[in-house]
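Asker: Letter by letter, the chains look like this.
Protein chains: 2
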Amino acid sequence: MKRIALDMDEVMADIYAKFLYYFERDLGWRPEKKDYWGIKIYELEGATHLRKYLHAVGFFSDVTPMPSSQKVVAELQQHYEVFVVTSATEFRNSLVDKWDWLSTHFPSIHWKNYVFCGDKSIIDGDYMIDDHVSNLQKFKGKGLLYTASHNVHNKDYVRVNNWLEIRQFFQGELAKEGKTL
Amino acid sequence: MKRIALDMDEVMADIYAKFLYYFERDLGWRPEKKDYWGIKIYELEGATHLRKYLHAVGFFSDVTPMPSSQKVVAELQQHYEVFVVTSATEFRNSLVDKWDWLSTHFPSIHWKNYVFCGDKSIIDGDYMIDDHVSNLQKFKGKGLLYTASHNVHNKDYVRVNNWLEIRQFFQGELAKEGKTL
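These protein sequences, in sequence, are chains S and D. Using the numbering used here, you'd call the opening residue of the first sequence number -2 and step up by one each time. Using the numbering used here, you'd call the opening residue of the second sequence number -2 and step up by one each time.
Note that these hints are calculated values from the structure, not bench results. Treat the hints with caution; some may be incorrect.
Identical chains share a label here; the pair holds if one copy fits it or two copies do between them.
As the list claims (entries may be wrong) - Subject to a maximum C-alpha distance of 25 angstroms in a straight line, what follows is the list of computed DMTMM-like cross-link-like pairs (lysine to aspartate or glutamate):
1. LYS135 with ASP116
2. LYS68 with ASP116
3. LYS137 with GLU78
4. LYS152 with GLU170
5. LYS30 with ASP97
6. LYS109 with GLU40
7. LYS(-1) with GLU87
8. LYS137 with ASP23
9. LYS139 with ASP116
Okay, chain S solo, but in the shape it has when bound (with noise of 0.2 angstroms):
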């Protein structure tokens, strides 16, 4: 089976809907796409403090899903071996909220499957879904990005802006070996 490496943060969860809380929360205005697009939120003038809520407590525990990641993840597993693989080791608080959080959200992933990494260039697998160029620079399978505020202008690899492409695309790579998913 070919392996799938999928990032957890902005492709499996929704870390920005909790950025946005706290955005508004701190500087007492809730901003839109467009005043973040090309960037990350945190760039914006008055936010530098927010990353450093990456590393409270609980803050990976209580993120959402994204939209119908977990259906299609279960879909993959038929035909790929899925990987976690995750920046974890950089938020030391992270590694447990994140543990429980993909026990509770996507329990078909075992244990076994989970990787909390630093440094992506480790990693062996045939496909890496991410949305950090820099992680897919570093991979040698094929690199899918998935579209963050901060990548919009990198056209170097497949772009996937949800789950349902993520899908489509596997539909077509299966397609070639006369799979369907």
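On the provided structure of chain S, position chain D as indicated by the hints.
Answerer: Then chain D, alone, in the frame of chain S:
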């Protein structure tokens, strides 16, 4: 730089010293090496419950680094990218303990180079040092088998009994390139 993937338990960290403590506490006698040589200590009669302690908060927090491991890791880092690749995701509560232990005892290893995983077949590297034959079997690079009670009969890999032998092995590798450790 070539990359070394270092296992943590029983390679960097002396887990068996802790198992021996719990064994004696719970069973009233302290086994000698000959009693469990060839098996895992918790395969001894009456000791199967010991493996459950791996799930406890704090189990991994106060283990002792293997003799000379810190010094030799620092030397290796002059010539290699050193990653810690540890089977951790089976044990939710080990994650923070392992993060704290590494940052305390091996501060020269950056968090970017921690990998907390389950199935190590996803690791891409040049060398892997591990006490589990099953991890080395799936590895595409060169595997070094760190002696532990359960692997003493294996003859498929370069065997290292301690960190001075690890140093010696890499002295040999570097000498081929005209370098010294």
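Asker: It remains to establish, for every hint, whether it holds in the given structure.
Answerer: Status of the hints after comparison with the structure:
1. LYS135 with ASP116: For LYS135 and ASP116, the Cα distance is within 25 angstroms both inside one copy (9 angstroms) and across copies (21 angstroms).
2. LYS68 with ASP116: between (28 angstroms within a copy, 24 angstroms between copies)
3. LYS137 with GLU78: both (17 angstroms within a copy, 18 angstroms between copies)
4. LYS152 with GLU170: within (20 angstroms within a copy, 41 angstroms between copies)
5. LYS30 with ASP97: neither (30 angstroms within a copy, 38 angstroms between copies)
6. LYS109 with GLU40: Result: close only across copies, 23 angstroms inter versus 36 angstroms intra.
7. LYS(-1) with GLU87: between (29 angstroms within a copy, 23 angstroms between copies)
8. LYS137 with ASP23: Neither way: LYS137 and ASP23 sit 41 angstroms apart in one copy and 49 angstroms across, limit 25 angstroms.
9. LYS139 with ASP116: both (17 angstroms within a copy, 21 angstroms between copies)
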